[in-house]
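A.B. asks: Each chain, written out:
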Amino acid sequence: MMATVLSGDLPRSRVLALILLAILICLALAPFLFPGVRTVDTAARICIFIVLVASYDLLLGYGGIVSFAHTMFFGIGAYGVALASTHMGRGFDAIFVGATAGAVLAAALALLIGLFSLRVRAIFFAMITLAVASAVAVLVSQMSGLTGGEDGLTFKIPRELGPAFKFGDRFMGVKLNGKLLAYYFVFFGALILFLLMLRVVNSPFGRVLQAIRENDFRAEAIGYRVVYYRVAATCLSAAAAALAGSLYAVWLRYVGPDTSLSMEIMIDILLMVVIGGMGTMYGAVIGATLFVIAQNYLQNLMGAASGMFEGLPVLPDLLSADRWLLWLGVLFILSVYFFPTGVVGRLRHGK
Amino acid sequence: MSDPILRLDGVYTNIAQYHILQGVDLEVPRGAVTMLLGRNGVGKTTTLRTVIGHWRAHKGTVTFDGEDITRKPTPAIARAGLGFVPEDMGVFADLTVEENMVLAAVSGPIDSARLDWVFTIFPPLKTFWKSEAGTLSGGQKQMLSIARVMIEDRKLYLIDEPTKGLAPAIITTMARALKDLKEQGASILLVEQNFAVAKALGDTANVMDDGRMIWSGQMAELATNAALQEQLMGLSLDAH
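Taken in order, these protein sequences are the chains called B and P. Position 226 (the first sequence) corresponds to 226 in this note's numbering; numbering is contiguous. Take any residue in the second sequence, note its place counting from 1, add 1000, and you have its number in this note's numbering.
Simulated from the structure, these hints should not be mistaken for laboratory data. Be careful, since some hints might not be right.
To give a feel for the contact side, a few chain P residues facing chain B, derived at Cβ under 8 Å [as the list claims (entries may be wrong)]:
#: 1; residue: D1094
#: 2; residue: V1106
#: 3; residue: P1109
#: 4; residue: I1110
#: 5; residue: A1113
The beta-carbon is built from N, C-alpha and C at its ideal position, and this holds for glycine as well.
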C-alpha cells in the first residue's frame, strides 16, 4: 500500500522515514498542533516550497538541467490565479481557470525555451532562462495596468477559504473557519502534486531522465532522444512550479514581484535542493522544511540567545537578531560541508 | 555472397581540428565477427562512434542494412537495430542493474527467455539484479554493459574493447559471452586488443593505421602470419 502511494520509492533509511513521517504529521495537523497565525503560515509555506523545490529537483536532480527561470514559472502560476480571480470574480472556477492557464502557459514557455536552447548544450539553457526570467520580472513590474506593477495584486478568493466563513465552533481550541480550509486546500494540493512528481521520477520516463543525466551519449546510443526527454522534463517541471505558485497565491491572496518572481527565491530554491539532496525528491521535503523554519525562526532564536549572553563581551553582538542572515549563511556552508550529497544522501548512503 | 550489414565508403571524420578518419572503407558481413585492429590512436573507436552517429562523417557514406545512416541521429540508428558497447562501459551508476537492463530493452518489455540466457552467461547480474550499477566491480560493470546490448536481438553489435583492463577470469567470461552471441548468428564488429580473444572469435579482420584501413582479409590468415602482423601493426600479436 505505502509502496504504491510512494511509487515504490521508499525512504530506504529508518531515520529518514521517521523524519519524513514527523514532517508529514506536523504539516497535516499544523493548525491543531501549533495554533497561531505565524506557525500555520510557516506550515503552509513549507507545503508550497516542498512542491516548488521538488519540481526543481525533477529538473536539476533528475534531468541534470540548470534553470534560473523556476521562479518565473512559479510567478506565472501565482499571477494566473490572481488575474483570473480579479477578472472573473472570487470563486473556485477562477482558481481552477487561473491555475490551469498558468500551468499551460508555463509549460508552453518552457517548451519554447527548451526547444531553442536544449538542443545545443545545457549551459545555454541556463543562460537563456536567466535572461528570460529577468525580462519577465521587468515586464511584470512595468505592466502595472495588468499586473499591479511593483505593488502587485490583492484579490479575493472564494468565501469558503476566507476567515469570515465559519463551519462550526471550535475543535481542540481551533476556530473552524475558512482559513483552516484554505490551509488544507494548500496541504492536500501540495501532497497530491508531490506524490504525482514522485510517480513521474519513478516511471520509465524518470529512469530515462536519470540515464540522460548520467551519460547522455550512452542514452542516445541506446535509442532515447535526449532533447525530447529534456524538453518534456522542463515542461513538467514548469507546470508543477506554476501550480505551486497558484497555491501560494491562494494562501496569500496577494501576488507581487517580490513574493513570486524575485531572484532571491530562485537562490533559496537552489539552496533547499542542495541541502535536502539532489535527485531524491525527499530532499525537497527536508530542504524546504529546514530552510523555511530557519528563515522564519532563526531571527527569534538569535534574539533570545543574544539576550541570554547580555553582559558578556562580543557574544551578544555576534548573536544579535540583526545578524541572522550571517548565521543562516554559516549554517548552509556547514550543511554543504557535512552533507555533500544532501541530508537524504547522507542518511541513505552514509556519505 | 549476401550484401554486408554495414558498409563504410571513404569516410572522413574530424574531431575539432584533428582529422581522425581519412577515407575509411569497411565491410562488415552478416552473421560473422569482424575484427577491427590497429595500434592505439589510429581511429578504431572513432570509426565505431562515426557509425553510431556520435561523430559525424563530413565526407563519405555509412550504409547500415541497405540504408544510408550517415546523417541520421544516434537514437534512430540505435533503434534501427544497432547495439553499441562503448569502451568506457557507460553503465548508469545510479540506476539498478534491473533498471539498466529495462532501459536497454527499447522495443518493449524484456523477454524472459532472453533474460535467462543472459543470466546463464553473466550469473553475477542475477545476483546483483536489484543493486545500483555503481556498486558493481569493474568486471561486473563490463558484463552489464554487454548484457544491455544482448538483451534484445540486434542486427549488428558494435563492441569496443570489451576485455580492456579486466582480470583474466573475467576475460574468459567475456570471450565466452561473445562466442555465445556469435553462435546465435549475430553480426559483430569488434575492436579488441587481446589477441587470444581476437583469434578465437574473429572471422574477418581489418587493420587500421593513421585513420585509414590498410589491410582487410581473413582473421586466420593474419593470426598465422607473424610477418604480416609485424608489417601491419609493428608487432607480433603472438607475443601478446
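A.B. asks: If a hint holds in the structure, say so; if it doesn't, say that too.
C.D. replies: Evaluation of the provided hints:
1. D1094: holds, 6 Å
2. V1106: Given a least distance of 4 Å, the restraint on V1106(P) holds.
3. P1109: violated, 11 Å
4. I1110: violated, 12 Å
5. A1113: Violated. Min distance 21 Å.
Hints 3, 4, 5 from the earlier list are contradicted by this structure; the remaining hints agree with it.
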